[in-house]
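Visitor: Note that the protein sequences, when read in sequence, are chains D and R. According to my numbering, the first sequence is numbered sequentially starting from 988. According to my numbering, the second sequence is numbered sequentially starting from 2.
Rather than coming from a laboratory, the hints here were simulated on the basis of the structure. Worth double-checking, as some hints may not be accurate.
Derived contacts from chain R toward chain D, CB cut-off under 10 Å, selection only [to be verified]:
| hint | residue |
| --- | --- |
| 1 | Asp-21 |
| 2 | Lys-23 |
| 3 | Gly-39 |
| 4 | Asp-41 |
| 5 | Ile-43 |
| 6 | Gln-54 |
| 7 | Val-69 |
| 8 | His-83 |
Think of the CB as a built atom: it goes at the ideal place given N, C-alpha and C, for glycine as much as any other residue.
What follows is the residue order along each chain.
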Amino acid sequence: MDSTYLKITASCVIADHKVCCNGEVVYKGDKTKSVPDFLTDVYTFLDPTYPKFYKMDLLAKLGWLGSEFLLNDHFDKAAYREEDTGIVLTNANSSLDTDQRYFQTVSEYPSPSLFVYTLPNIVIGEICIRNKFRGENAFFVFEQFNPLFLEQYVGGLIRNKVIRNCICGWTEVLGNSYKSALYLVQESASGIDFRAGQMEKIYGF
Amino acid sequence: MDKLMHDLKTQIIEQLNLQDKKPEDIGDDEPLFVEGLGLDSIDALELIVLMQQYYGIKLANAEDGPKVFKSIRTMAEYITEHQAKKA
């Protein structure tokens, strides 16, 4: 199977206090708000009733919110087994945002709830727990968004039948800087070709 | 005891990021784990830190955890008992 048969059937970019799904801005936040407050506002907008959200670190909140938008209305969960869905995420600063927050607590009372988020792949775990996904998953760190890697790595996983669909993309938070661009990739007759150039276009919306 | 229980509820909400809860949503005798407030193992560690941070009390024996952290009331009783011993 060539990767031309793989399609991006949904996308979600969260950046600049906006949420853009499939090319359309679906939520515009107050630009004067902090990143944590903006993410909480997006959660309230989605209204998913998932109190565990409040306990997540910012990286997990950002990726988790992106996945909620991505899967809403665009994913036929019943068509797949739990192990059919993979997640491959990337960013530039790993879990550094939370690592720094945790480090600030170490001299007094190290925070267990911050400590558990001092790995970047915990965001993947949060998405898997929410959706009961059990497929292959991985988190890679690159200097910058690397859509060609995603095309090749995720394409390979699906071509080799390790998984049948994948949430992949970029999820990055460090201080006041953040960006998430997630793609739902499936074999499909419709959608956008799963190609690096297409991912790049969506990333830069 | 009532003030201590109210303080504990406020501190737990803040420390455990239970932003969807208010102190009045938490019953004095409501189980903190699984059913009831639905806390998990990481929250248990946060409760240990909370007792140390706010009340200067270290849980001497980890096996006491389930008894001490059964409810807001059992936590308050444990704190009161240990503060009395210190005094």
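Visitor: Work down the list of hints and note, for each, if the structure agrees.
Guide: Here is what the structure says about each hint:
1. This hint holds: Asp-21 of chain R has a C-beta 5 Å from the nearest C-beta of chain D, less than the 10 Å allowed.
2. A cut of 10 Å between beta carbons decides the hint on Lys-23 of chain R: the least distance to chain D is about 13 Å, and the hint is violated.
3. Nearest Cβ of chain D to the Cβ of Gly-39 of chain R: about 8 Å, under the 10 Å cut. The hint holds.
4. Interface restraint check: Asp-41 of chain R against chain D, minimum CB-CB distance 9 Å, threshold 10 Å, status holds.
5. Given hint, Ile-43 of chain R at the interface with chain D, holds; its Cβ is 5 Å from that chain's nearest Cβ, closer than 10 Å.
6. Because the closest C-beta pair between Gln-54 of chain R and chain D is about 5 Å apart, less than 10 Å, the hint holds.
7. The criterion of a C-beta within 10 Å of any C-beta in chain D is not met by Val-69 of chain R, whose closest approach is roughly 17 Å, and the hint is violated.
8. The criterion of a C-beta within 10 Å of any C-beta in chain D is not met by His-83 of chain R, whose closest approach is roughly 18 Å, and the hint is violated.
Consistency with the previously given hints fails for numbers 2, 7, 8, ordered from lowest to highest.
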